[in-house]
Every structure is written in C-alpha cells, then in structure tokens.
Amino acid sequence: MSQVTGTTGGILPTVGASLDVVEQKSAPPRRGVRQRRITPYLFLLLPLAFLLVFTYLPAVNLFWYSVTDWDGIDLNKNFIGLQNYIDIFTKPAFLRVFVVSLYYIVASFLQMGFALYFATVLSFSTRFRNLFKGILFFPTLLNGVAIGLMFLYFFQPNGTLDSVLKLVGLQQLTVQWLGNPDVVNISLASTSIWRYTGLSFILFLGAIQSIPASLYEAADLDGANRFQQFRFIILPGIKRIISLSFILAISGSLAVFEIPFIMTGGTNGSTTFVIQTIQRAFIFRQVGLASAMAVVLLIIVLIVTFIQRKLVPDDEVNLT
Amino acid sequence: MTSTTTRSVSNERNAVPPRSRQGRAGRIGATTSKYVVLVVASVITLLPLVVLVITAFKTKREFATTGPLQWPKDWFNFDNFVTAFTDGNMALGFRNTSIVLVVSLAGTILIGSMTAYAIDRFEFRMKKLVIALFLVATLVPGVTTQVATFQIVNGLGLYDSLWALIALNLGTDIISIYIFLQFMQSIPKDVDEAAMLDGANKFTIYWRVILPLLKPAIATVVIIKGIAIYNEFYQAFLYAPSPENAMISTALFAFKGPYGSQWQIISAGALLVIIPTLIIFLVLQRFIYNGFTQGATK
Numbered sequence: 022m023s024q025v026t027g028t029t030g031g032i033l034p035t036v037g038a039s040l041d042v043v044e045q046k047s048a049p050p051r052r053g054v055r056q057r058r059i060t061p062y063l064f065l066l067l068p069l070a071f072l073l074v075f076t077y078l079p080a081v082n083l084f085w086y087s088v089t090d091w092d093g094i095d096l097n098k099n100f101i102g103l104q105n106y107i108d109i110f111t112k113p114a115f116l117r118v119f120v121v122s123l124y125y126i127v128a129s130f131l132q133m134g135f136a137l138y139f140a141t142v143l144s145f146s147t148r149f150r151n152l153f154k155g156i157l158f159f160p161t162l163l164n165g166v167a168i169g170l171m172f173l174y175f176f177q178p179n180g181t182l183d184s185v186l187k188l189v190g191l192q193q194l195t196v197q198w199l200g201n202p203d204v205v206n207i208s209l210a211s212t213s214i215w216r217y218t219g220l221s222f223i224l225f226l227g228a229i230q231s232i233p234a235s236l237y238e239a240a241d242l243d244g245a246n247r248f249q250q251f252r253f254i255i256l257p258g259i260k261r262i263i264s265l266s267f268i269l270a271i272s273g274s275l276a277v278f279e280i281p282f283i284m285t286g287g288t289n290g291s292t293t294f295v296i297q298t299i300q301r302a303f304i305f306r307q308v309g310l311a312s313a314m315a316v317v318l319l320i321i322v323l324i325v326t327f328i329q330r331k332l333v334p335d336d337e338v339n340l341t
Numbered sequence: 006m007t008s009t010t011t012r013s014v015s016n017e018r019n020a021v022p023p024r025s026r027q028g029r030a031g032r033i034g035a036t037t038s039k040y041v042v043l044v045v046a047s048v049i050t051l052l053p054l055v056v057l058v059i060t061a062f063k064t065k066r067e068f069a070t071t072g073p074l075q076w077p078k079d080w081f082n083f084d085n086f087v088t089a090f091t092d093g094n095m096a097l098g099f100r101n102t103s104i105v106l107v108v109s110l111a112g113t114i115l116i117g118s119m120t121a122y123a124i125d126r127f128e129f130r131m132k133k134l135v136i137a138l139f140l141v142a143t144l145v146p147g148v149t150t151q152v153a154t155f156q157i158v159n160g161l162g163l164y165d166s167l168w169a170l171i172a173l174n175l176g177t178d179i180i181s182i183y184i185f186l187q188f189m190q191s192i193p194k195d196v197d198e199a200a201m202l203d204g205a206n207k208f209t210i211y212w213r214v215i216l217p218l219l220k221p222a223i224a225t226v227v228i229i230k231g232i233a234i235y236n237e238f239y240q241a242f243l244y245a246p247s248p249e250n251a252m253i254s255t256a257l258f259a260f261k262g263p264y265g266s267q268w269q270i271i272s273a274g275a276l277l278v279i280i281p282t283l284i285i286f287l288v289l290q291r292f293i294y295n296g297f298t299q300g301a302t303k
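So the sequences go chain by chain: A and V. Going by the working numbering, the first residue of the first sequence is number 22, and it counts up by one from there. Going by the working numbering, the first residue of the second sequence is number 6, and it counts up by one from there.
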C-alpha cells in the first residue's frame, strides 16, 4: 500500500492550492456557501464508504497480515517480520507459479497479435464482415465456468480435439492434453487465447475505426499499399490502446485464476499464482503467507503499470 | 511491446503482400488467404460450441457409443436440459443471479452517477484526493486482495449470503464511475443553471435533470456490468458457497462433481448458461460493441 499513500501524499500540496481558490470565491451569502460545501460530500458519502471498506481496507490489511503468521481464526496475530516473503522467494514450490505465468504471458502476446491481425483485416471492406466480427467477439461474453467445462471436454482423451486430429490424420500428435505436466499449461493458455482474443480484437477495431477515413484516402492517392497504410497510419493511430492492452495482458497473465481453477484445479503443475494464494489462505489456513503472496502480486502489477505509464504517457486522461 | 507489433506486422505481410510488383494475381492471392484465415479462425472459435450443442442432445448410451463430432440421432431430446435444470440447482442459480444482478445494477448506477455528479459539478477541498482514491483503486486487481477482503466480509456478517456479492459488486467497481464521468462532462452546465434558476436544489437537479440525461451512459453500464455480474465466478465461489446461495456460475461448477463424466448433462447445463448470453448478444449487438470499447479503455 506504500504506493497508495505515496500518491495521496503527492496530491496534498495541490489540495492546499485549490483551497485558496475556494476561499477567494466565497463572496455570495454565507449560508448558501456552507450548504454548497457540504453537498458534494453528501453525494460522495456512500461511494467513498464502499470504496474504502471493500478496496482500501483490504489492501491495507493485506500488508499487515503479510508480516504475521495468522491462520485466519486465531485472535492473536504474531509478528514474524519478512519470513513469509523469504519463503515465497526461496522455496521452489512457490517459484514455480512464476514459470506458469510465463505461459500465459506468451499466450497474451499471441492473443494481441491475432487480435491486431483480425482488427486490421476487418477494418477494410470484407464480405460477411459483421458475421466474422460477431463470431470472433462472442467468446468474450461467455461465462467462465461454461468455457472451462466446454474445454475440459474439448481436451478429454477421445474428446473434441483428439477426434479432429484423427479426422485430419494427425492422431499421432495426441497426448494427455490436461494430464501431462509438460502440456497442460499450453492447453490452458490456449483456452485463454480462445476466450480473450475477441476482447482485444474489438478494442483494436474500435480504435482503428476512429482513425479519420481521409487519412486512408490521402495515402491511397500517394500510392501507399496496405502494408504501408498499416505501418504508418493504423499502428500510430492505435498506439495508446495497444499499450493499454499490453498492461492488461501482463497483469491478467499474473492474475490468471478462473480457467485453470475450473479445468484442473491447479493439478499437474498448472497452479497459478492466484490459485496458490487462494489455496494457502482458504485450505491450508496460512492467511499470513497468502497475504504476502498477494502483496508480491500487487506490487508486480503496480510496477508494470508504472513502467507502462512512463513509456507511453497517457495524455488523454482528463478527469478534472 | 516490440515483439508483439513485429509479429503482427509479419502476419499482415503474409496476408496482404505489397501490391506494386505482384499485380492482379498477388491481390487475388492475398484476398483468398485473408478469407481462408478468417474462416479457419471462425471454425476454431465455433468448434467447441458446436460440439457442446451436439453433446447436449445425446442420450447417455449414444454419448458412450458415438464420437464427439457425430450428430445426435434426435434433435428434440431435451432430457439432459430438464435434468440439468431441475437436479442441477440451476433454477435457483438463475433466481439468485437475477436478484444480485438487479440490486447490484441499481446500486452501481446510483453510486456511479452520484460520484460523477459530485466530481464533475462541484469544487470542493478534497476533490483531488477523492479523484486520486478512485484512480489508484483501478490499479488494484480485485482477485489479489481476496484474502483480506474475506476477513472484512466475514466481519460484517455478510459471509455466505447474496449481500456479500452485492456489496462487493458495489464497492469494487470503478469502471462505471468513469463511464458516468465521461458522459457527465458532455452535458452542458447550462442545464443545471436553468434548473437552479427555477428554484431546484442540487438533489432535485441530480435526480430530475442529470440522472434522466445520463440514460445512454446507464445503458452502457447496465450492459458491461450486467455481463460481468452474470459471468462472475470467484466471488460467488468464495463468499456464497452454500447450495441455497448458488449463483449461475457456482451451480454450473457444481456439475463437475456428481455428474463426473456425464458430459451430455454437463453440456446441457453449460448451454443453458450460454443461451441467455447469445440472445442478449444478438439483440443488443451494437450496444455491446460500443459498451466494451468505451468501458475497457478507461
């Protein structure tokens, strides 16, 4: 949570500055001013209460639990310093989950590549454009459990995938898709690609379509081919959304939970960071250790986001 | 970053080769390969879904004796759907999901629009702090803090109730606030001032003037938030584990145990969950595309 307090602290001087502005404006009748001063807080009371109780309080508690050996029930929490963090970074069982995340990171790059290809292709005139768009996007809307069960059958021995391979004469490729520890993460990460390509695709397509058509016309007049149009018009035009998807992809890859949990429950070496955390907390009752893991994940995600903000300044945010 | 872009660039080159030299033949080749890629991608996307439909209509014996790609004998065999719906607790799942959906959406609309109204239409001391609080909250991935959130939900006495899910839907939703804020900025302040001259106070303005004008933003929030709540799994799994609190996701997840390898029933259950999504998608396509492009870029 140090990041959070850091941000708040950084904000404070400007709050002081805006205070002066408020004071200067206080010329109209006094009673009206006082009422107007309270009104915004009345509107914010409920939203802030929910935000603090369900987002900030857990985050702060997480840091506190992470330096204790708490089991989630005991009234006493013993302070044990950084022991939980040392465990996470020294025991191989914990380090393995980072290896598993790599599969999902690679998958998310592939996913963005596919999405970018389809978005580019479908932004030019194409027959059955809306049909293709609808099909590619539809998985995004589906229930994760339904997807998990569907692909559980897809990867079963003699299931859908094996039958298709047989049909095209490639049955020698058949392996235990979910039972073989060398393959299971590839199967699960592919399911992730199936599920999320549509979302990246629709975001890229939206961004490409908001590029003014006159740019393409001018490029056509100048004799630019499709590839040059892609390189010099489309790519710069959607830089922001690509960088945003990149962040979502990395933090999403680290926080993968649903698909592997539903399909394998983390068996055969498919345990991800979040599955590990949830198991530690709710099955092994090691709330302190699980909190330390959650803190590590939180910090990694914040660092990745920070790097992205530095690399691609987000100049379109206008909140005030 | 660079690795991704170069990869997709090379994809692009394969599909659409530079025209200048190759001429007509090259262009036809490029067009053909474009359609081949699109059709292959569509088949890959649809295949698991088609097999799900096929399997759901098979009898137990038929399932044991036929391959996954073989058509069922009887397309009017709805037995599996009946079994899934009645024995599988899905009726209750749909009921509970509807309750959580309606209450959470109503709450989200109120909370999101109130926050946006306060931030966009007022100047106050803590404004920057409040904005920073909401901004920073977007960086915290919800699934990471569950270990601690659990203690709070438990402490409030909400554990194993639908209220836990509703509270979490309201407390951890930042995206709808952004959608409302974005839209609020496009409503001219003259509207407020005109109402003020007519003697309306700030609450009347919010309720009678601003909220009705926010309808398009409300539609967007209802769509993306609604889909998210319908598909929500881990919160329901962690915070409402009793069978009587089953949400649609947890009811379906429970199929894994008792129905073990009875894939025809599991498929029917999964299909029952997917059908409402398909209908909503076909009816509201345009709004859904817009909602997702607006919602996710915030």
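What the hints contain is simulated information worked out from the structure, not anything from laboratory work. All values derive from a computational prediction rather than experimental measurement. A virtual CB, placed ideally from N, CA and C, is assigned to each residue, including glycine. Keep in mind that the hints are not guaranteed to be accurate.
Only pairs whose alpha carbons sit at most 30 Å apart, straight line, appear in this in silico BS3-like list of lysine-lysine [as the list claims (entries may be wrong)]:
hint: 1; chain 1: A; residue 1: K331; chain 2: V; residue 2: K194
hint: 2; chain 1: V; residue 1: K220; chain 2: A; residue 2: K154
hint: 3; chain 1: V; residue 1: K133; chain 2: A; residue 2: K260
hint: 4; chain 1: V; residue 1: K220; chain 2: V; residue 2: K194
hint: 5; chain 1: A; residue 1: K187; chain 2: V; residue 2: K220
hint: 6; chain 1: A; residue 1: K187; chain 2: V; residue 2: K194
hint: 7; chain 1: V; residue 1: K39; chain 2: A; residue 2: K154
hint: 8; chain 1: V; residue 1: K39; chain 2: A; residue 2: K260
Which stretches of chain V does chain A cover? Using the computed rule of at least three CB atoms under 8 Å from a CB of chain A, they are [to be verified]:
hint: 9; segment: 83-96
hint: 10; segment: 112-121
hint: 11; segment: 133-143
hint: 12; segment: 209-222
hint: 13; segment: 243-251
Outcome of the hint check:
1. A:K331 - V:K194: Violated - the C-alpha atoms of V:K194 and A:K331 are around 34 Å apart, more than 30 Å.
2. V:K220 - A:K154: Distance of about 27 Å is within 30 Å: holds.
3. V:K133 - A:K260: Answer holds: V:K133 to A:K260 is near 28 Å, not above 30 Å.
4. V:K220 - V:K194: holds (17 Å)
5. A:K187 - V:K220: violated (53 Å)
6. A:K187 - V:K194: violated (66 Å)
7. V:K39 - A:K154: Holds. V:K39 to A:K154 sits at ~14 Å (cutoff 30 Å).
8. V:K39 - A:K260: holds (24 Å)
9. 83-96: violated (count 0)
10. 112-121: holds (count 5)
11. 133-143: With 10 residues in contact (Cβ-Cβ under 8 Å with chain A), the coverage given for the segment 133-143 of chain V holds.
12. 209-222: With 1 residues close enough to chain A, the hint is violated.
13. 243-251: violated (count 1)
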